[in-house]
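**Student:** Read top to bottom, the protein sequences are chains C and U.
In this text, residue positions in the first sequence follow my numbering: the first is 8, and each later residue adds one.
In this text, residue positions in the second sequence follow my numbering: the first is 8, and each later residue adds one.
No wet-lab data here; the hints were simulated from the structure.
A few of these clues could be false.
For chains that are exact copies, the list does not tell them apart, and a pair is met inside one copy or across any two.
To be verified - With a Cα cut of at most 25 Å, we get these calculated SDA-like pairs of lysine to any residue: (1) Lys320 x Gln171; (2) Lys289 x Ser124; (3) Lys320 x Leu303; (4) Lys289 x Pro104; (5) Lys320 x Gly76; (6) Lys289 x Gly306; (7) Lys144 x Glu123; (8) Lys289 x Gly345; (9) Lys320 x Glu278.
Protein chains: 2
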Amino acid sequence: MRRFQSPRLLLLGFGNVGRRLVEILANPADYPGLADLGDVRLVGIVTRSHGATVDPGGLEPRRVLEDYGRNGGFRETLASDEALREIDYDVLVEMTPLDIPGRGAAAIAHVRAALESGRDAITCNKGPVAWAWRSLKELARERGRALVCETTVMDGVPVFNLVQRCLRGNTILRIEGILNSTTNYVLGEMERGASLESAVAGAQRLGVAEADPANDLEGWDAAVKVSALANVLLGADLPPEQVERESLLTVTPGRIQAAAARGVRLKVVCEAYPEDGRMVGKVNLREIPLSDPFALVSGTSSILRLTTDIAGKVVITEEDPDLSTTAYGVISDLFRVGEGR
Amino acid sequence: MRRFQSPRLLLLGFGNVGRRLVEILANPADYPGLADLGDVRLVGIVTRSHGATVDPGGLEPRRVLEDYGRNGGFRETLASDEALREIDYDVLVEMTPLDIPGRGAAAIAHVRAALESGRDAITCNKGPVAWAWRSLKELARERGRALVCETTVMDGVPVFNLVQRCLRGNTILRIEGILNSTTNYVLGEMERGASLESAVAGAQRLGVAEADPANDLEGWDAAVKVSALANVLLGADLPPEQVERESLLTVTPGRIQAAAARGVRLKVVCEAYPEDGRMVGKVNLREIPLSDPFALVSGTSSILRLTTDIAGKVVITEEDPDLSTTAYGVISDLFRVGEGR
């Protein structure tokens, strides 16, 4: 019998967010609101290059963190496809890194395998949402299972849930947001006079930018998020390759400072809206007046404006998120999976 | 048998928002998202001084609006307590005006009567939420009925739903917001040099302020909202009389302009948070730096910042609402009532 109260999780991938999630689960007394999440049990954590750990009876979260910390990884090795076949779990949490050149193929295969075997799936990997949402969602419906993805845009701040559960009855006419921390941080530094190179290096030192910042700077990460929003919230089937992108690499410090001198701020704005029967997706540099809350979104904060036909304009902002914010997205998805059972 | 798909509504009160709600229901083709709301039927609209109209088989929304518009009211007369006893309905929509001196007694009685007779209740009147939430919610639980109130704070922009359904598992540590349009509009005008009197008159001309603006200016409306937020989201039992209030009437134009000259904005900020085992509620004038999105909330817009233990700081903003935004709050509550059945 499937247990609503004791979902058994299989984590694929175990980066910063996964570790923070397990830290939260290891310290239930610190988070009284989690009492009604039920008895979440980790039955497997499987990584590509840092080993795997499996216990059908449930891994002890503190022990997992200690082992991983001491050894820089787990001792067992297990391939993800084997793990999906051989471990008995209830909910897949797909946390492997986004693979843009591969169009998310591995993560899509993981989610498909989970749903096909009658499991629920939480994807923190944006690949399945950007490139295969429609078919995966259809599969989830056929199997009567949940497929959710709250962390993929704005970390754990509710975006998908907000629309699907708190704005029911509205038609979403337009979505616009500032959704990529690296470009937002870099633009802020360049506005203060930094060169692109030193701003990127600063973002890397802070852990905001990845070692290879190209996906962020060229707008790919933002385009993937535009696809995710368009696919989940606007019913589109828009792959990131069809999202217009403007690269930050084309922007001169002069353009940024000229905008600041005119009292506006240059920001990388993501947009999605239907027009003439097709879905438009854009990642563009736009000049934002200081009277618009988009102008105030700095550093790692992000913002999303939803234009609806009945409720008007609703704006949600994530202020200074940390790893817990993103880990909360998985917790939010666990609640949602639990409600669906 | 109670019909999930065809809830029969009894409206008590029929002001601007009620009429806008009926206009929306009268034009389903304009709002495709409402298709899954089911076949909502109005079986009664009862006002205190503009008559009543009742049809157990369902009133025709267009006809209701025509009749009301032509005659400035309905022809029948019916007392609200009689209506609650004699009309067969499924969901009460309590839309009568807020009565602060009476501590919401009439609206509380309406909601209690509905719940006691096994009906669901939507209250747009803040009285039941501010002065009787705990006992009414307990009654609703006993009877297995819904009691919801989305319009009472920030119109139809999801506030209660956001916390209860999209931030589950978090403990809310602090709530702060700009929630009263009249004071916010008046402060903006005074910052631009207007006197208090002319700013209030301007707000009245725009329909932002009521004919008697005292409840807004003295912070009572905001205090009632603080109570609503504290009671529903923080589990408090805090009546508006226990919310600290600072009146706008004590503020000089000089203080406002001096703040502006220093590069900050004076705003009426609502707060609620637990401290030393008790609930603190405040409505205070605070100086807001221009880097805080609270500084950008002007006119009839409003904003709420939720500080949570796991997800961090989540801010939701309502931009330039109109009557549809508020009417949407009732629609949101109708969805929620339907989901509970």
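**Student:** Each hint: holds or not?
**Tutor:** Quick rundown of the hints versus the structure:
1. Lys320 x Gln171: both (16 Å within a copy, 21 Å between copies)
2. Lys289 x Ser124: Neither way: Lys289 and Ser124 sit 36 Å apart in one copy and 53 Å across, limit 25 Å.
3. Lys320 x Leu303: both (18 Å within a copy, 15 Å between copies)
4. Lys289 x Pro104: Within one copy only: 23 Å inside, 45 Å across.
5. Lys320 x Gly76: neither (45 Å within a copy, 29 Å between copies)
6. Lys289 x Gly306: The answer is within: 21 Å in one copy meets 25 Å, while 30 Å across copies does not.
7. Lys144 x Glu123: So Lys144 and Glu123 pass the 25 Å test inside one copy only (12 Å; across, 42 Å).
8. Lys289 x Gly345: neither (35 Å within a copy, 37 Å between copies)
9. Lys320 x Glu278: Classified as both: same-chain Cα gap 15 Å, cross-chain 24 Å, threshold 25 Å.
When the structure is compared with the earlier hints, violations turn up for hints 2, 5 and 8 and for no others.
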